[in-house]
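There are 2 protein chains.
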Amino acid sequence: MVHYPNGQTYIEKEIKQGAGGRGMDLEKDLNLTNTYYLETDKAVIYKKPTPVQVVKVDYKSRSTAKITEAYYKTPSTIDYSGVYKGYHLDFEAKESRSKTSFPLSSIHKHQIDYIDNVIRHGGISFVIVRFVLLEETYLIEGAKIVNVYRNRTRESIPYTWFKENGYLLPFGLAPRIDYLKIVDILIAKEEAYGE
Amino acid sequence: MVHYPNGQTYIEKEIKQGAGGRGMDLEKDLNLTNTYYLETDKAVIYKKPTPVQVVKVDYKSRSTAKITEAYYKTPSTIDYSGVYKGYHLDFEAKESRSKTSFPLSSIHKHQIDYIDNVIRHGGISFVIVRFVLLEETYLIEGAKIVNVYRNRTRESIPYTWFKENGYLLPFGLAPRIDYLKIVDILIAKEEAYGE
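Quick note, the sequences are listed as chains E and R, same order.
This note's numbering numbers the first residue of the first sequence as 149 and each following residue consecutively.
This note's numbering numbers the first residue of the second sequence as 149 and each following residue consecutively.
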């Protein structure tokens, strides 16, 4: 799947979707949620830019360098990061078009290693997975996704696993997906059990 | 100044620079330092991808989407972020070609606001400035750069200010610029004075 960078594209999608598209675009929902968190001064969380390998640039004038050949690169890290209550947050967001499972191929092995690294160094990492057709969005703790990925016996995780192991994120207006409520639970757990 | 994304460009620069180019490319030095920290399991710190606004993509095949028109965007945040000893780190790196001052125009107002936000939410933020012609690299605490930027009476900060207010970062082989040593000092200060 190709991810589009911020900007125009979202506006176009929003217009096309209309009211019926409620919650159909996870990335847009998360960007709106993060803007809400920023404006209400709850947290500072951004989506990292999509990594692009630039091959050719046309420098007609200094201020308007035009990239004429570039390619999407495999990201080294995961999509979103920021700081909340002194904690480093780092998470990935994925949509599944299946009603019964989530394909593990949509997460790269080095992204799993990255999640593991962030947790070991004291950050909070997780994955947000939306089952688009079911209109359900789950937050899964990083440690659980690392474990299920590394010990997998098949190439997808069944939907029922998310129901049992994830936190269902309700859909709201502002913020759209209040995932920091679940992060508060993760922080409370961490503080209770120590590092 | 146009920042190039990771990849080929660095290798080319390295070859061109040769041994004489020691420490002439701050971004390269920081990337090597961060790789060292990652490999020695000290911290997880990455440079964020350069934000690009994609306008046209040529989809000949799914795997080889070729971007044929794109532009560099003004970054929303700052260049580097990660996690170290449970702390969220967020910093910007800048080079100055002047021997006597650092031009404030090379930092955007919204980046100053970003640094301020990160600090208020409990992260550690700073700026690394290299005076290329003097071969000196300084780490400046975020709060100090925010303060000097917001209360400025002229459009540049004199070099002497960096000598008085910054931490000089020695140049080494591995890691190239061991800035986490200074971060340890910042953490100790934070723990001593509370939040």
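In case anyone wonders, no lab produced these hints; they're calculated from the structure.
Errors might be hidden in some of the hints.
Remember, identical chains collapse to one label, so a pair may be satisfied in a single copy or spanning two.
[Unchecked claim] Result set (DSSO-like, lysine-lysine): computed pairs, CA atoms no more than 30 angstroms apart in a straight line:
(1) K233 x K195
(2) K204 x K292
(3) K247 x K176
(4) K208 x K242
(5) K208 x K176
(6) K190 x K204
(7) K196 x K329
(8) K311 x K176
(9) K214 x K233
(10) K257 x K214
(11) K208 x K196
(12) K329 x K221
(13) K204 x K233
(14) K311 x K204
(15) K292 x K214
Status of the hints after comparison with the structure:
no. : hint        : verdict
1   : K233 x K195 : both (18 angstroms within a copy, 23 angstroms between copies)
2   : K204 x K292 : neither (42 angstroms within a copy, 39 angstroms between copies)
3   : K247 x K176 : within (21 angstroms within a copy, 45 angstroms between copies)
4   : K208 x K242 : between (39 angstroms within a copy, 25 angstroms between copies)
5   : K208 x K176 : between (34 angstroms within a copy, 27 angstroms between copies)
6   : K190 x K204 : neither (40 angstroms within a copy, 36 angstroms between copies)
7   : K196 x K329 : both (22 angstroms within a copy, 27 angstroms between copies)
8   : K311 x K176 : within (23 angstroms within a copy, 45 angstroms between copies)
9   : K214 x K233 : neither (40 angstroms within a copy, 41 angstroms between copies)
10  : K257 x K214 : between (34 angstroms within a copy, 25 angstroms between copies)
11  : K208 x K196 : both (28 angstroms within a copy, 26 angstroms between copies)
12  : K329 x K221 : neither (33 angstroms within a copy, 32 angstroms between copies)
13  : K204 x K233 : neither (42 angstroms within a copy, 40 angstroms between copies)
14  : K311 x K204 : neither (47 angstroms within a copy, 40 angstroms between copies)
15  : K292 x K214 : neither (43 angstroms within a copy, 36 angstroms between copies)
The structure is inconsistent with the numbered hints 2, 6, 9, 12, 13, 14, 15, although it conforms to all the rest.
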